[in-house]
Amino acid sequence: MMRTALVALTVITIIGGVLAMRAHLGGRGQDGPNLQTDALYLEELRASVALQPDEVPGFNKARNSNVVPLGGKIFAQRLASPFAEHSPLHAKLQGVETIYFLQSLRRDGNGRAGRDPSFLEVTLMIYPGRDLAHDAGILTTESQTAPPGEPGMPEGSFTGLPVGEKSWATAPKSAEFSPGAKDANLVVWDNSIVIRVTISYSPVDPRARTMLFASIEDTDLEWAEYAVRLLLARTHYFLLSSGKSLTTVPVMVRDNRLEVKQTPEGVLLVPLKAMARALGGQVQENAGIYWLNAGGKWWTLPLGSRTILAGKQPVQQPPSNRMGAYRVMEPPEGSVNLRIPVLTWENEIWVDAEALGRIIGYPIQP
Amino acid sequence: MRHRLLLVTLFLLWASKLCFANYELVGTLYPLRWGQQEGSADLVNPPNRLGQPLCVKMGSTFGCRLVETGGGVIGWKVSSARLISRTSGQVYWSVTDSGVGNLIPPSATYWLPNIPSWVDYARLEMSFVILYWGPWGPTYYLTPIYSSEEVFIVLDEPKAPMNPAWVSVLRKSCVWARQTNNLYDTGRAITFGVFFQRPGFAYPDDTATYWLIPPSYTVFRLRALLDAWESGSWTSGNCNDVSCFTMLAFNSIGLDFSVRRLSQTAYGSFITNPLCKIGSDPTLDQTYSSWEWMWHQICVPSGDPDPPSNQARIWDPTAAQKEDLNGNGYRNPPAHHPDNLWPQKDYWQKPHTQIPGAWLGLVNFPVPSEPQLSGPGTWKCGVTTQ
Numbered sequence: 030m031m032r033t034a035l036v037a038l039t040v041i042t043i044i045g046g047v048l049a050m051r052a053h054l055g056g057r058g059q060d061g062p063n064l065q066t067d068a069l070y071l072e073e074l075r076a077s078v079a080l081q082p083d084e085v086p087g088f089n090k091a092r093n094s095n096v097v098p099l100g101g102k103i104f105a106q107r108l109a110s111p112f113a114e115h116s117p118l119h120a121k122l123q124g125v126e127t128i129y130f131l132q133s134l135r136r137d138g139n140g141r142a143g144r145d146p147s148f149l150e151v152t153l154m155i156y157p158g159r160d161l162a163h164d165a166g167i168l169t170t171e172s173q174t175a176p177p178g179e180p181g182m183p184e185g186s187f188t189g190l191p192v193g194e195k196s197w198a199t200a201p202k203s204a205e206f207s208p209g210a211k212d213a214n215l216v217v218w219d220n221s222i223v224i225r226v227t228i229s230y231s232p233v234d235p236r237a238r239t240m241l242f243a244s245i246e247d248t249d250l251e252w253a254e255y256a257v258r259l260l261l262a263r264t265h266y267f268l269l270s271s272g273k274s275l276t277t278v279p280v281m282v283r284d285n286r287l288e289v290k291q292t293p294e295g296v297l298l299v300p301l302k303a304m305a306r307a308l309g310g311q312v313q314e315n316a317g318i319y320w321l322n323a324g325g326k327w328w329t330l331p332l333g334s335r336t337i338l339a340g341k342q343p344v345q346q347p348p349s350n351r352m353g354a355y356r357v358m359e360p361p362e363g364s365v366n367l368r369i370p371v372l373t374w375e376n377e378i379w380v381d382a383e384a385l386g387r388i389i390g391y392p393i394q395p
Numbered sequence: 004m005r006h007r008l009l010l011v012t013l014f015l016l017w018a019s020k021l022c023f024a025n026y027e028l029v030g031t032l033y034p035l036r037w038g039q040q041e042g043s044a045d046l047v048n049p050p051n052r053l054g055q056p057l058c059v060k061m062g063s064t065f066g067c068r069l070v071e072t073g074g075g076v077i078g079w080k081v082s083s084a085r086l087i088s089r090t091s092g093q094v095y096w097s098v099t100d101s102g103v104g105n106l107i108p109p110s111a112t113y114w115l116p117n118i119p120s121w122v123d124y125a126r127l128e129m130s131f132v133i134l135y136w137g138p139w140g141p142t143y144y145l146t147p148i149y150s151s152e153e154v155f156i157v158l159d160e161p162k163a164p165m166n167p168a169w170v171s172v173l174r175k176s177c178v179w180a181r182q183t184n185n186l187y188d189t190g191r192a193i194t195f196g197v198f199f200q201r202p203g204f205a206y207p208d209d210t211a212t213y214w215l216i217p218p219s220y221t222v223f224r225l226r227a228l229l230d231a232w233e234s235g236s237w238t239s240g241n242c243n244d245v246s247c248f249t250m251l252a253f254n255s256i257g258l259d260f261s262v263r264r265l266s267q268t269a270y271g272s273f274i275t276n277p278l279c280k281i282g283s284d285p286t287l288d289q290t291y292s293s294w295e296w297m298w299h300q301i302c303v304p305s306g307d308p309d310p311p312s313n314q315a316r317i318w319d320p321t322a323a324q325k326e327d328l329n330g331n332g333y334r335n336p337p338a339h340h341p342d343n344l345w346p347q348k349d350y351w352q353k354p355h356t357q358i359p360g361a362w363l364g365l366v367n368f369p370v371p372s373e374p375q376l377s378g379p380g381t382w383k384c385g386v387t388t389q
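Going line by line, the protein sequences match chains A and B.
Our numbering applies: residue 30 is where the first sequence begins, and numbers increase by one.
Our numbering applies: residue 4 is where the second sequence begins, and numbers increase by one.
Just the calculated beta-carbon pair ranges, DEER-fashion: (1) 120(B) with 109(A): 36 to 44 Å; (2) 97(B) with 84(A): 52 to 60 Å; (3) 96(A) with 120(B): 41 to 49 Å; (4) 295(B) with 107(A): 33 to 41 Å; (5) 295(B) with 233(A): 24 to 32 Å.
Don't read these hints as lab results, they were simulated from the structure.
The structure displayed is predicted, hence computed values, not measured ones.
Glycine is no exception: its CB is placed at the ideal position from the N, C-alpha and C atoms.
Start from the sequences, fold in the hints, and give me the full structure.
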């Protein structure tokens, strides 16, 4: 009898522990942050996540103005949809308070016909729960190719590299200028966050009777994806650090002292560049994709990704002229999953210590 | 010398009080908002003041009242008034009452000719003669010409969610619908106006929605869209965007429209007949192509019956069709009109009257096909300045 009670107590303790860990680490089933929607909080959020001039190269003006700063708009809104009675996803989101951040940027460039001015539109949403955000992510892909409530864009990203927990992308390709806008969209869901970024070009001749558009160029797709990665990383960092402090904890990595950050939930985040320097390695970077050479292997760390990709060579974006929207690649053997996406702040890249420790074959602990 | 200077100063002060007098328009006027920010600060306040934009019902009686003069007025009148079309330059009416006769009491209304019996975007100019007690007794004062630069002559009271209507929307809808005065002519003019707006909407290859805020897609970013057009840029828009915007333009002018999503009875995708998407030239054959859609959203008058009834009348500004439902050359977006009927069932699919085996209307395949509601019944989007 006593033994049965002890076993039951142990099982309950283990289950409780697992659930608590999941809640702390942002794993599946976690409810997202309780939404704060007071004006001060929203303004802090806006200031923390907004894209700055030329952060995405060339995009340095507000869409419709030469004088309005890039700032973006932030507000909270309760969702209400006439589709709620007809679509289970809409029904689940009915009445849910959501934080919105909207930003519209313009690139004048050199005014090349069929490209500039180009526009980058950002819609960032934060939900009070992971499952709600997942459903909202699906709905955010709406198009006329799917019934309301089902994904209207295929799963994927522009580079085929992972971003967030799930992403959807379209990048219509056409060999020549043709009627119909060729906007490229990337929708990303990660935990309580949904982001949609759209990049669009101006028609070749805005005064013509038929608007002819060019497909979005590879480099612009790459930069649009970079914008999503940056926004996702910044928003995660804001939600992790807002109203609480990340404590600095010294750790030893192969006789090198590193200062890592510890979240209130106990997750250690390691500064990737500093660690690479300490180990005599280096980090290469291109448009939010980082490559670390360690232990004879190349590790690819896309910003905002939940996976570190393993490889004998750096995992690259698809070769030029092949880019469009791709299904996100299956992680190569040996890849490592992360409890928190790859983050960035203060010119550093911050990576879940547990995953990084597995890469370098050395546990990173305080 | 100082005494005279003081008198002149007093006179100017007195006269300036009259200069600040306000002139209130009387008639069937409707409230307006600028469409620049959320909340009550966006309202045009007051909605009937000369100098402000005005929204007035077509064919209504119209007059003017003097307010807030600070007292001392003995009598007044309109010295001159003109209502001028901004779209054609035509002077609709002109009132000239020179001299100082025919004054009316301060609280009386000065009636002007009626507002024209059609929609238009106009300008109102007025000047006044005021007789008041001055420092030296009764004094006449002839005001400068005051104006309301924007007078929106609408069919009827603007309808939700354009109640109050946005000034920025009326600038478009009143121009598109100028000189029209009924549901069918106005509806067709606005449908064509949206379709041929330059810069305006261009249908996107990805068929995605752009101007309604995800994930519910029921609030339209109206200011952002109009600002984009105003700054000269083209904007992507699928049928969700285009039909909702058109509904807003309809409702700003006093029609009452909603939107509705249609799909086919046998649930699944359908292939359209060749369509010329918005943003292209419908006079050219090469701009027509077929699409595979799961649903399509169009405009219907609020109150027209939902399927299974097919009595609703259709206005669809997203794409032009080559032929009307009689098989005659059309090359315009469907807009129900006595000249070209677009009832829902036939709009969706109708056997070609001249080519056996061919189909008119939206759907080419599958056959036969009947429209049904996709999602909610007939609904209206909200609007935001965000």
